[in-house]
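Build out the structure end to end from the sequences listed, making use of the hints.
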Amino acid sequence: MTNWRYLGMVLVALFFIGVPSLDVRAQTNTRPVKLGVTTVLVERELYLQTEMVNYVGQKIGEPIELVQKRSFQAILDMLEKGEIDAAFVCGSLYTLGHEEFGAEILAVPQMYAEGPIYRAYLIVPVDSSARSLKDLKGQRFAFVDPLSVTGRLVTLIDLMKMGERPQNFFQAALFTHSHSASIEAVADKLVDGASVMSTVWDSLTLMDPSLTSRVKVIQKSESLPMTPVIVRPGLDPSLKAMLRSVFLKMDEDPAGADILKRMSIRKFVMVPDSYYDGIRALQLYASKSLKHRGAQVKAVPKK
Amino acid sequence: MLEAIVNRLSLAQKFAAAACILVVSVAVFIGLIVTRYTESALENELRNQSIIIVHYLKERSMPLILNDELWDLYTAVKDTVSKSSGGSSVVYAMVLNHKGEILAHSEPGRFRLGAVLESSPLNDAAFGAVGLFVQPTTDARGEQIYDIALPAVFEGTKVGVIRVGVTQKHMVERLAILRNEIATITAILACLGILIGIALSRRITKPLAQLSRTSYEIATQGLTGVTKIAIKEKDEVGKLAESFNLMTEALEDSIGELNRTKDYLATLLEVANDFIFTLDEAGRFTYVNSKFFEWGYLRDDLLGEPFSSILSLPDGEPGVLETLREGGAHQFGAKVRDGQGSVKTVIISTTSICTPVGQSRGVLGIAKDVTMMKEMEAHLSEAERLSSIGAMLISLGHEINNPLSIIHGFVQELLEEGSSDPSHQFRIARILEEEVIRCQQVVASLLEFAHPAPFKRELINISALLDRSLSLISPMTKKTGVKVYSHIEGDLPCIFLDSFQVQQVLVNLYLNAIDAMPQGGELRVGACLENGNDGSLVGGDAGWPMRCLTIAISDTGYGIAEEDIAHVFEAFFSKKKTEQQGTGLGLFLSKQIVESHGGRIEVESALGKGTTFRVKLPVSQSEHARSATDGEDSRC
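Chains R and C, in that order, are what the protein sequence lines are. Residue numbers for the first sequence follow our numbering, so the first one is 254 and each next one is one higher. Residue numbers for the second sequence follow our numbering, so the first one is 14 and each next one is one higher.
Because the hints were derived from the structure by calculation, they are not lab data. Treat each hint with caution, since some may be false.
Claimed, not checked - Here are the simulated distance ranges between beta carbons:
id, chain 1, residue 1, chain 2, residue 2, range
1, R, N421, C, G144, 32 to 42 Å
2, R, D330, C, L188, 48 to 58 Å
3, C, G144, R, Q326, 33 to 43 Å
4, C, I43, R, M460, 50 to 60 Å
5, R, P462, C, E72, 27 to 37 Å
6, R, Y300, C, R60, 34 to 44 Å
7, R, S540, C, R60, 48 to 58 Å
What the hints assert, rightly or not - Here are the computed lysine to aspartate or glutamate pairs in the DMTMM-like style, where the Cα-Cα straight-line distance is at most 25 Å:
id, chain 1, residue 1, chain 2, residue 2
8, R, K390, C, E131
9, C, K252, C, E262
10, C, K241, C, E255
11, R, K442, C, D152
12, R, K502, R, E357
13, R, K390, C, D92
14, R, K390, C, E120
15, R, K322, R, E357
16, C, K381, C, E294
17, C, K91, R, D380
18, C, K112, R, D441
19, C, K491, C, E446
20, R, K322, C, E390
21, C, K91, R, D441
22, R, K414, R, D530
23, R, K469, C, E120
24, R, K322, C, D81
25, R, K473, R, D411
26, R, K287, R, D504
27, C, K604, C, E502
28, R, K322, C, E72
29, R, K442, C, D92
30, R, K514, R, E367
31, R, K390, R, D530
32, R, K442, C, D81
33, C, K275, C, D293
34, C, K182, C, E120
35, C, K357, C, E307
36, R, K442, C, E114
37, C, K275, C, E265
38, R, K442, C, E120
39, C, K91, R, D461
40, C, K588, C, E390
Glycine included, C-beta positions come from ideal geometry on N, C-alpha and C.
The following block contains the structure:
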């Protein structure tokens, strides 16, 4: 609560003093603002992402360049190096970034009425007999990204709770680098199961019911902190404040509200750093295997 | 079968069929070439495309294999199949690792990730391939496919195998579409060909149809009112139409001329002063001219009726029947009943109507009404007879006068002398009786000659008739000192004739001969059978084996001057030098009588030497068969 008040004061201060400084920055810094996205979250909604970025750019008075990468790690690296200014990332990325180089939360999209949360869904082909993760023993499994909370971390924790390790539990596992791709892999029966974030599933059930109809959800996780928009620590505070302002007020503007509606986002909200402590706990639990790559099928023969 | 169908088709249909066959043949030929060429091109294209696809998949897969990006590998494999499914032909694609485990397969449900493909000659050969390797095989549905394998080699080490299954199904489908299009175009062209064929043939056959129509009109309605064929074309058909028009005109002229001639001939027949008719083979009237109206017959009364229906006596029929049966020409007399029932005497000439091949189609008859003439002849004959009787009476007067004088002398002697000598009286009575008998004979002869007998033909013994006629003139010959020599053959046949008329002819000729010899002379009478087929006899034409009886009467009198011979048979011609002038009718009537019997009379004469008359009468076979009987009775 204290944080919220502090944040509010900062925002008010920024509002009054930040505008002139923006002009100065605009004159001195010719590099456009860069926003990093990954296919992990938005592979199929890139056009909406673009629309939102354009909207934000329009609001702040300068264009925003969209930088797309396939993996969370790549985005995190670019953010650390200052090659991008902000990024849509998974909660685990924020905790890592915050820990490693002081990444900050800009805003968090809220998609459910209960708050800025989401869940991990365990999915299997619609005709599968599996009812839980343990039924998938000896089967093929798709992870999304090594750093994805819902796409990997949740499953690892569950396996560890079962006393299993993924390399032994699954016959084969692969990374799809995208929640929608994981859903597709299950639908095509390339794999026998996958774990995906609930928001992607929900939007895909609207956008591509023929795909989701071939898949069924057999398990839903506890609610998890929603994937945030983060910024690099060295970003111009006024720009950061302006960006945050635009995001947070987006639902109040008709054009912004329209984009949000189409992205199934109710609004952007601000959360404190502690909001992601739950993620941190999970990461700690699975610290030993966090960076493990779980593919069992090796393509390159060992020499 | 085919010929029969072709013969039934109209010209337009034949043209259309020919055009259709031509177009379809050409289209099928071109279609086959195009299909064959396209097939080869498509196969080539398919092969090239397949090689490009498998190479592309390999290039895309290589880093993914090395980086273990199985999802991306799957996406690549899936793309290969889905992108090519539009028009190409990739039915499956897969990436295997160096152990033969499936890294990606376009059908992940059936070919599980990490599984090893079952061993088969196809799979083993594909996996063992060292370069691009193509194997023909069939897919699950039995369709022909090519399995193309390409090993993925990284730095000399085989890291996997890319395999793609390519079907010819799309190619076959495209070929089928092409064939359908060609078939459609062919059908359209064929329809077009038919239409063009019909249009072309209409153009050609329209004038022909007009010609045909006009010909039919001429055939059914004649030339009257036929319009000329108007054809603008200058081609062969146009020339044909022109010739046809010329022919029609010429035909019209000819038919007009024929009709005029026909009318003229019909008019001639109608206005003829003779009764002209035709009979069919059964002897029924098929034509009668207007002359029959004079007899009170309407044309409809007679047409179809037998000829015999107008005959009053059946004796006219044999002539017609003979003409019908035997052909040729006949002439005969007949009695005909007119419409009012009056009997007419006619002379009928009949001629057989023969086709050029000699088939009889009936009889043409021309009848001459000689009733008046016959009546006149009868009158003349009577006059001549009376004249003859007169002439005979003069001589017979002497003949009777002599015995009467003798009788008168003896009667006077009896009256004056009154002799009582019975023997003398008996002698006188005998003389008287003889003389009276002589008188009776003379009178009887005269009566016989003068007594008019009715016209009647019957079979007559000609020898007896000659004897009797000669006996009639014996008083005259005795008086004039003419010696009579007769030479009559013994077996002369009976002849169908009127004995009274013929006797009149003979007596007339005898009297003429006696008149020509006032100082006496010789009268020779001969009769014999001769072959008469010299055409001289009426009714006997050439080739008809008719015999004739010739009666020759010769005298040794004055003879007839050469210039008079031609006129001796004319009426009222007489050169007699006797005290009695001749009537000029004797020979004229004799000729009429002989000819009415179908015979003829000839004369031969030398001035100062004498004259010979020959009467020739026809003898039929039947008459000849009945030879003369002996005796006074001249009838047979």
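If I claimed the Cβ atoms of G144(C) and Q326(R) lie 33 to 43 Å apart, would that claim hold in this structure?
The hinted range 33 to 43 Å holds for G144(C) and Q326(R), with Cβ atoms some 39 Å apart.
So if I understand the rule, the pair passes when the alpha-carbon distance is 25 Å or less; does K112(C) with D441(R) pass?
holds, 24 Å
For a C-alpha distance cap of 25 Å, please report whether K414(R) and D530(R) respect it.
Roughly 20 Å between the alpha carbons, so the hint for K414(R) and D530(R) holds.
Holds or violated: K275(C) with D293(C), Cα cutoff 25 Å?
Measuring from Cα to Cα gives roughly 21 Å; hence the hint holds.
Straight-line alpha-carbon gap K287(R) to D504(R), limit 25 Å
Satisfied, since the Cα-Cα distance of roughly 22 Å is no more than 25 Å.
Are the Cα positions of K91(C) and D441(R) separated by 25 Å at most?
OK: K91(C) and D441(R) at ~10 Å, within 25 Å.
Between K322(R) and E390(C), does the CA-CA distance stay at or below 25 Å?
Since the Cα atoms of K322(R) and E390(C) sit roughly 159 Å apart, the hinted pair is violated (cutoff 25 Å).
With the threshold set at 25 Å, check whether the alpha-carbon distance from K588(C) to E390(C) stays at or below it.
holds, 21 Å
Taking 32 to 42 Å as the stated bounds, is the beta-carbon spacing between N421(R) and G144(C) within them?
With Cβ atoms ~39 Å apart, the hint holds.
Need the status of pair K442(R), D152(C): alpha-carbon distance at most 25 Å?
holds, 21 Å
Check the hint pairing K442(R) with D81(C) against an upper bound of 25 Å on the C-alpha distance.
Holds. K442(R) to D81(C) sits at ~19 Å (cutoff 25 Å).
Quick check: does the Cβ-Cβ distance between P462(R) and E72(C) fall within 27 to 37 Å?
holds, 35 Å
This entry does not satisfy hints 13, 20 and 31, going by the numbered hints stated previously.
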